[in-house]
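Asker: Sequences listed follow chains A, B, C and D, in order.
Using the working numbering, the first residue of the first sequence is number 1, and each one after it goes up by one.
Using the working numbering, the first residue of the second sequence is number 1, and each one after it goes up by one.
Using the working numbering, the first residue of the third sequence is number 1, and each one after it goes up by one.
Using the working numbering, the first residue of the fourth sequence is number 1, and each one after it goes up by one.
Hints in this document: simulated from the structure, not taken from any laboratory.
Predicted model, so just to flag it, every value in this text is computed and none were measured.
Hints are supplied without guarantee of correctness; some may be wrong.
[Stated by the list, open to error] Derived contacts from chain A toward chain D, CB cut-off under 8 Å, selection only: (1) Leu12; (2) Val33; (3) Ile36; (4) Leu57; (5) Ser62; (6) Ala83.
[Unchecked claim] Computed from the model, here is a short list of chain B residues facing chain A with C-beta under 10 Å: (7) Pro6; (8) Arg8; (9) Tyr34; (10) Leu39; (11) Ala44; (12) Leu49; (13) Cys64; (14) Asn71; (15) Ser73; (16) Gly75; (17) Leu90; (18) Arg92.
C-beta atoms are modelled at their ideal positions from N, C-alpha and C, and glycine is treated no differently.
Number of protein chains: 4
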Amino acid sequence: MPGYTPDREAHLRRLRRIEGQVRGLQRMVTDDVYCIDVLTQVSAATRALQSFALELLSEHMSSCVVDAARNDSDGGEAKIQEASAAIARLVRS
Amino acid sequence: MPGYTPDREAHLRRLRRIEGQVRGLQRMVTDDVYCIDVLTQVSAATRALQSFALELLSEHMSSCVVDAARNDSDGGEAKIQEASAAIARLVRS
Amino acid sequence: MPGYTPDREAHLRRLRRIEGQVRGLQRMVTDDVYCIDVLTQVSAATRALQSFALELLSEHMSSCVVDAARNDSDGGEAKIQEASAAIARLVRS
Amino acid sequence: MPGYTPDREAHLRRLRRIEGQVRGLQRMVTDDVYCIDVLTQVSAATRALQSFALELLSEHMSSCVVDAARNDSDGGEAKIQEASAAIARLVRS
Chain A
1 MPGYTPDREA
11 HLRRLRRIEG
21 QVRGLQRMVT
31 DDVYCIDVLT
41 QVSAATRALQ
51 SFALELLSEH
61 MSSCVVDAAR
71 NDSDGGEAKI
81 QEASAAIARL
91 VRS
Chain B
1 MPGYTPDREA
11 HLRRLRRIEG
21 QVRGLQRMVT
31 DDVYCIDVLT
41 QVSAATRALQ
51 SFALELLSEH
61 MSSCVVDAAR
71 NDSDGGEAKI
81 QEASAAIARL
91 VRS
Chain C
1 MPGYTPDREA
11 HLRRLRRIEG
21 QVRGLQRMVT
31 DDVYCIDVLT
41 QVSAATRALQ
51 SFALELLSEH
61 MSSCVVDAAR
71 NDSDGGEAKI
81 QEASAAIARL
91 VRS
Chain D
1 MPGYTPDREA
11 HLRRLRRIEG
21 QVRGLQRMVT
31 DDVYCIDVLT
41 QVSAATRALQ
51 SFALELLSEH
61 MSSCVVDAAR
71 NDSDGGEAKI
81 QEASAAIARL
91 VRS
């Protein structure tokens with residue numbers, strides 16, 4: 001099946017779980033759940049998003065960055081700079 | 001209208017927007033969008049969750065913590081400790 | 001002894017330890033220690049700074065914020081806003 | 001001059017500046033500077049450490065990771081995993 005990868009399915013499962021966490025937050029707000037308990041769930045959803053990002057980044061380096069290091073005319077420098085900028089956005093978010 | 005607060009509606013609007021961002025991430029993964037562009041959107045969703053948390057925390061301090069400082073028998077210390085632990089979870093997530 | 005507090009001494013001890021970590025990083029760079037090992041120490045120093053900030057913030061809320069909630073003419077709102085802004089800087093740094 | 005690199009000098013300058021920030025924090029604590037102002041400086045030092053880490057990581061990828069992608073028998077996978085773990089520590093610190 002073209003384009004299908006096990007990774008993609010795993011990513012979609014993770015993102016659906018995160019979507020479920022965000023919908024859970026909406027129910028908590030609607031039900032007037034105690035603020036600190038809502039915050040605990042926000043921290044959990046934030047961590048889940050960051051884990052997803054780290055997984056994605058690791059795969060990107062194993063494939064695109066490695067490939068660029070071997071084949072690009074600049075020795076992969078453009079892809080490294082692009083990945084570094086993405087890492088900086090993650091660290092600062 | 002009992003229980004209704006303008007804050008709650010604003011919170012729900014924010015969370016629905018974040019849910020939309022997470023669904024957008026699923027479409028990006030399904031459409032095989034370039035990894036770095038997905039990461040940029042993950043960073044945006046993470047920041048939106050953290051802004052929501054900061055807003056919630058600020059309101060919590062203006063209401064519950066202030067109230068506890070004036071009326072609780074421990075001078076609000078338990079609520080301060082609870083808020084501090086929530087802040088630590090945010091900083092570390 | 002006016003102005004002396006056990007907290008202050010504890011804070012100075014922590015900060016001297018963090019200063020030691022930063023000097024250790026300089027030695028690692030001078031000795032050409034492997035980059036990943038330097039990064040591990042940078043993460044440790046960053047976490048130590050954040051723990052110090054969380055401690056400071058917790059004390060600030062137990063003293064200044066509680067005090068303002070009881071005595072300030074605005075019910076402590078200005079101090080709450082100021083603390084919230086400091087928390088936002090921590091979360092985003 | 002063996003071992004000397006412009007990068008190393010730049011790194012040492014950055015780290016000495018961060019050491020200066022941490023010593024400045026000690027003076028602030030000794031002088032009983034207002035807590036929120038100390039926190040602002042802690043956030044600045046934390047960000048400086050993180051920028052240093054991001055710079056180090058970017059250089060590491062441009063040199064070691066690229067080199068491993070071309071020459072290591074595992075196609076650089078071990079170095080990618082090692083870098084990914086370091087990035088995770090940074091994001092979570």
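Asker: If a hint holds in the structure, say so; if it doesn't, say that too.
Answerer: The hints, checked one at a time:
no.: 1; hint: Leu12; result: violated, 21 Å
no.: 2; hint: Val33; result: violated, 26 Å
no.: 3; hint: Ile36; result: violated, 22 Å
no.: 4; hint: Leu57; result: holds, 7 Å
no.: 5; hint: Ser62; result: holds, 5 Å
no.: 6; hint: Ala83; result: holds, 7 Å
no.: 7; hint: Pro6; result: violated, 13 Å
no.: 8; hint: Arg8; result: holds, 6 Å
no.: 9; hint: Tyr34; result: holds, 9 Å
no.: 10; hint: Leu39; result: holds, 5 Å
no.: 11; hint: Ala44; result: holds, 8 Å
no.: 12; hint: Leu49; result: holds, 5 Å
no.: 13; hint: Cys64; result: holds, 7 Å
no.: 14; hint: Asn71; result: violated, 17 Å
no.: 15; hint: Ser73; result: violated, 19 Å
no.: 16; hint: Gly75; result: violated, 19 Å
no.: 17; hint: Leu90; result: holds, 6 Å
no.: 18; hint: Arg92; result: holds, 8 Å
Checked against the numbered hints above, the structure violates hints 1, 2, 3, 7, 14, 15 and 16; every other hint is satisfied.
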